[in-house]
Structure formats: structure tokens, C-alpha cells
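Engineer: Given chain A's structure and the hints, the job is docking chain B onto it.
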Amino acid sequence: MATPTLPERSQLAYIASQAADSRLNVEIETEGMTLNIGPQHPATHGTLRIVAKLDGEQVIAAEPIMGYMHRGYEKLSEVRTYPQVTALVNRIDWMGSFANEVPFILAAEKLMEVEAPPRAQWIRTILFELSRIANVVLFLGDMAVQVGAITPVFYAFRDREYVLNQIEAVTGGRFHPNFDRIGGLKDDLPAGWIADTKAVLTKVDAFCDQLDTLLLGNEIFQARCRGVGVIPADVALSYGLSGANLRASGVDHDLRRDDPSGLVHDQIDWKVWTHPDGDSFARYWVRLQEVREAIKMVGQLLDGIPSGPIMAKVPRIIKVPAGEAYVATENPLGQMGYYVLSDGDLNPFRVKIRTPSFNNISICPWLLRGVYVPDIVTILGSLYFILGDIDR
Amino acid sequence: MNHLAGIDPILALSLAYWQQSLIKVGIVAIVVPTAALILGYVFLLKMMSFMQSRLGPMEAGPYGLLQLLADGAKFIQKEDIFPDAADRRVFALAPVVVLMSTFLLYLIIPVGPDAISANFDTGIFFALAVSSLSVIGILMAGWASASKYSLLGGLRAAGQLIAYELPLVLAVVGVVIQAGTLSMQGIVHAQATGEIFGFGWLGSPYILTQMLGFVIFMIAVQAELTQPPFDMPVAESEIVGGYQVEYSGFRFLFFFMGEFGTAFAFAAIASVLFLGGWWLPGFDADSNWLNVLGPIVMFVKVMVVSFFIFWIRFTYPRFREDQLQTFAWKFLIPLALANIVLTGIFKVVL
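Going down the list, the protein sequences come from chains A and B.
When we follow my numbering, the leftmost residue of the first sequence carries the number 3, and every step to the right adds one.
When we follow my numbering, the leftmost residue of the second sequence carries the number 35, and every step to the right adds one.
Looking at chain A on its own, in the form it has when it is part of the complex (with noise of 0.2 Å):
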């Protein structure tokens, strides 16, 4: 199927409407319906509500209604010290919940001019890594139950299960692991972690590639996905899209190579994957490619975690200077920044979440435009979003 460019894309979507307005008033008087996707809907894996405009099966205008899960973490952090806004950001994407607290750790970590010892900061990458693969693990076996097939995800959702025991191995946390400090980590790894973590790996590696040939080679994944949902690169950029979604969509852009403050991303050996087309299969391929590229990421990290403290010298009452810092990492979903002002205090005095999933669903009144009823369900599937990381 050949993919449609911007301008054409925007010219048939033009014509459907035009069609459509023509249909609803000369044919026969009907209205067009309006169709309300959730906010309870299997769809939207949490309370997302698309408020759809159809035409038959025909889509003339989506929009997505987000707040129905905002819990005020920005401003609940205000009124909690520093070392207890982890417990809370745990929750924002609470499929990688480790990657939330990393951003902020690092902001906080920044103002107080403190550093993690090396071997804390090698261990942070590898929980990071590690919950990155527990989070897209997931999304590849959800894709397929968005676009019908429903064995895979129980294979994700067993395999998912190996990553979250090996995380709460180390952390106590299976979900909310809030095991990253101002200045290092809780503790250090437990004995023989190291063998049963890359036991693990190669599981999850036999996943993927059960994944390439169970999902994505099959004839009909590919007629559902591909020039399913195409965004083209400067669209992209200007909708700030991040993550999986923008390298799919051919920009060359991860923060774990070009910014890797605090994590040790840079002394490892690995590619960033980015695919040309820019529409869902894309994403999909994207996505797995990364989780294979995690895998080795994580088996190099565990066979070079230098030796040494796993705390940096941190007063017990930690008071971060006046100061302001924003700090934003690669997170499973995009990219993910904190904005941390403080003026001295016990607590921050305001924090600002970015979180990937808002900016990446915020495409979707662009996209949704002359697609299929099914296809909202295959774009929105391939988008991955976390509503936790949508409202925080």
C-alpha cells in the first residue's frame, strides 16, 4: 500500500468531509453520528475519552477529552519533601514505573550540585533499561489485541511478569519500586541477581522473536497497520511528539545518546532504531526493536557495574538550594522531563511534569481526520499512551 504524503493525505481528507457534508445534506437528511469512545472503552487502557464524529464507519473529526484520571501530582509535590515526590511520581507511568523517579532524581540532583557514584548510576541504567522493557513488552502484546488477535498479549503479560520479578528483587517494588535517592539508590543489587536477570533476558529476547513471527509478519497485522495512521516527520516535530512515535516517523532523535546526563547510556555499545515510514507498523517495529536493543543494553550493563559506594555523601534532611533545573530523559514512552523550581525548602516550591504521553495524543485530532472506526482503535493502540501519563 503506498503511503500517502502530507499533502495528499490532507487533500483526501478534504474530499471524505466534502463528501460527507454532501452526502448528509442533498442524498437523504441524515445527520452524522457522534460516537463516544470511553472513557470507559478496552480501547483507551484507562479513562481516555474520544468524542468521534462519523460518517457511516468513516471518521470526520476526533477528538480526544483528557482529566478524567488527573490526580494533581504537580501540585501534591509541592507539600512533599523531597525523597517522598518518587513515591508519588512512581505512579505516573505505572508500566515503567522506575523511569518516572530517574528525571526527577537527576533535576533534584542537579540543584543540589551532588553526584551518584558510578556504580549507583550504572545500576540506575539497568532498572531503567529493565522497566523499559517491562513497559513496551506490553505494548507489543496489547497492539495485538487492539487489532484483534488476543493470544499474544498473554505471552507479553508472562513474560512482562519475569522483568517485574527481577525489578522487585531489587527494589521491594513490583509496580512502585520508589528505590532511586538524591545522591545514589536504597540499596544495592541482592546476590546471584546478576545471572537471574540475564536469564531473564534471553526470554524475553525468545519473546520478541516468537512476536516476529506470530504478529508481525502476518498478512493481516500488516493490512491493519500499514499507512495506518501516518505521521510525517515535520508533522511530528511540530506536534512534539517523542519516544518510539517520533523515530518512527524517521527523525533520529533519543536523548539516551544525544543528552546522557546521569545515566551511563554513553559507555555502552548500542544503536538507536528509527524507521521511515511513520505509520503504525512502523511504530509497532520500532518499539520491538527496541526492547531487543534494551536486552543488550542491559547485557552489557550487567557485565560492567564497577565496584564501589552506592550513596554519595548526602546530608540526612535534605534541603535543595534556591535554584531552578529541568531535567528530561528517554523514558519507555518519550521523552520525559522535570521542571523543578525550589526556593530552599524542604519541598519543591513547583514542579512541572512533561510527560510523553500528553504530547503524543495530542496528535490525534490531525490524525484521526477520514480514517476507519477500527483504525482509531489501531492509531491509538500504536501511539501507546499510559492515561497515568497522559493526566498525572
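Keep in mind that a hint or two might mislead.
[Stated by the list, open to error] No more than 30 Å apart at the CA atoms, straight line, and that leaves these computed lysine-lysine pairs for DSS-like:
#1 B:K182 to A:K55
#2 A:K205 to B:K182
#3 B:K80 to B:K112
These are computed hints drawn from the structure, not numbers from a lab.
As the structure is a computational prediction, the values presented were derived from the model and not from experiment.
Structural biologist: Only chain B this time, still in chain A's reference frame:
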């Protein structure tokens, strides 16, 4: 087949018409739910679970054997909910219509030389006709629910079932040409007495000569049953169950029974048309033994065919409607027509 004047014998006994009718109704009323339960348990609960690296139900009875009965009991206890804006009479009737088409299908499935509820001369024609009755029920359900999701599902089902009725019929035409009869028993007999290249011990199961027809038939059956990859009318991840979305309690159970009962019936029809039905190699086609062994033979064949139906169901993603229509009209129907032409040529030549 030994016809007594105007009456179909059951197991070659001579009974009055009303006695026969009573027995037939009783048998069908038992067979349909049992068939649905067997397929539901073996494939939906157990095979799917094993494919998905889980165990499935394990608590209700040995290996969860009674799980579906427990589910059935649960469904019957549930409140029978009518949406406010629903067209109550049509809404209530729709599941019955769907289930009725399933029951009618069982009438013409032969399981032995004399073991058949109604031995019509146009058996397969009757089967294809009543199987499309379920469209009406589904359309009724979609419309009467007064829900947008139901409406979308109902319309999708109507479009899909009409599109796939055609390849279904055309695939059967090949068999009918080869057998020279529309009667289900006649088709079994033709396969039992037929021979391929002078080798007649196996008979002539039409899957060998009508391979193309069999594949088209199975694809169309998959669409007819609204199972993946053709499950857009129910599409859980898009329209959340489609026409079933407003149904609760025993009316939902009717849809469930209709779905699996029809799957069983179509697997049985496929076994009759392509796999030789109840006939067993080495037996005379009129032998009374086959009245006893036939049901077992049929059951085995039905389970094999169902296995393929459900294997595909649990593996494949779903088409989009436009892709489904394209597939039916541009690919399956021309292929089925070509199959008919080929069969006709060979029938004349050989």
C-alpha cells in the same frame, strides 16, 4: 435408505409421526446445548488457555469441566436488562431468532444411514437458507438495542454475512455438482460409493477433489460465525461486543449458545460435504452398524474441523470491514466460481 411410505424412520423403527416428532425435538433440544458446551469447554476454555500458556478454569469440577454449567447458572440468575430506549419486543426476540437458526441447522445433519432428523431432498440448500436467518436476528439486536455500538455491530454483521453467504454457497455448488444431489444423505452416499482412480476402499472424500472448495467453505464459515479474523461485528477492542453489548443474563447466553452451536453445526456440515460424513471405510453404506458408529465418526470429524476453526480464531488478528469485503468479492467469489467451472468441466469429461 429404506423409506417407509412418507415417514422417515429413526433407527429403522416404525413409529407414529407424533412419536417421531417428539423424539426429534427432544434429541435436538439436548444436542444443541451439549454441542455448544463441548465446543465451549474443549476449545474456548481449554485449548485457548493452553495456547496462551495458562490453565483455564480448574476449580469447577475436575479440570474445570463444569465451568460452563456454572456460567450458565450464573447467566440465568442475572437480571434481564432492557435499555430505556430499546424497542422491547424486537430486543427480546432477537436472541431467539439467532438461536432458532442454529436449531434448524441441526435438522439436516445426518449421523448415520437412518439417523437424521429430516431427510430433505434439498438438505444442503435448506441448511444454507436457515443459516442466513441469523442475520435477521443480529440486525434486530443491533437496531433494537438503541445503542450506537450495537448499531455499528449490527450493520457490520449484515454486510459481512451477506458478503460471505455467496462464497459459502458457491463452494458448496462444487460438491453438489460432483455428488449430483442436494441431499445430505445423498452426498454421504456419493462419497462412500465413489472411487478415486479406481481405488475405492476409502471412498471418495471430496476434500481430495474439492480442496479449493473446502478452503473457501471454511473461510466463509469463519466469517459466517463472526469469528476472528472476521469478528468485526463483535470486535471487543473496537465496538466492545457490537450487537451483544446491551444484552445480559440468559439473552446473552442465547447468543453464546447460538455462536457455538452454529460452529458445531457448520463443522458437521463441512464433515458431511468434504470428509465423508458418518461413513467408515470397510462398511456397507447402508449397514445398520453405521447407525451406531456413525455418531462417533461424525463427532471425531466435527472436533477435527472445529479445532481448525478455533485455532484460527485464537491466532489471527482481525480484518477491517473494507478489507473483508474486498477479500470476499475480489478474491473468494472469483475463486469459488473458477472452482465451479473446473468441477463442471471434470464432471463432463470424466
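Engineer: Now, for every hint given, state plainly whether the structure supports it.
Structural biologist: Each hint, compared with the structure:
Distance check on the hinted pair: K182 of chain B and K55 of chain A sit about 12 Å apart at the alpha-carbon level, within 30 Å; holds. Taken as a hint, the K205 of chain A and K182 of chain B pair is broken in the structure, with Cα atoms around 43 Å apart against an allowance of 30 Å. A threshold of 30 Å between alpha carbons decides the hint, and for K80 of chain B with K112 of chain B the separation of about 25 Å falls inside it, so the pair holds.
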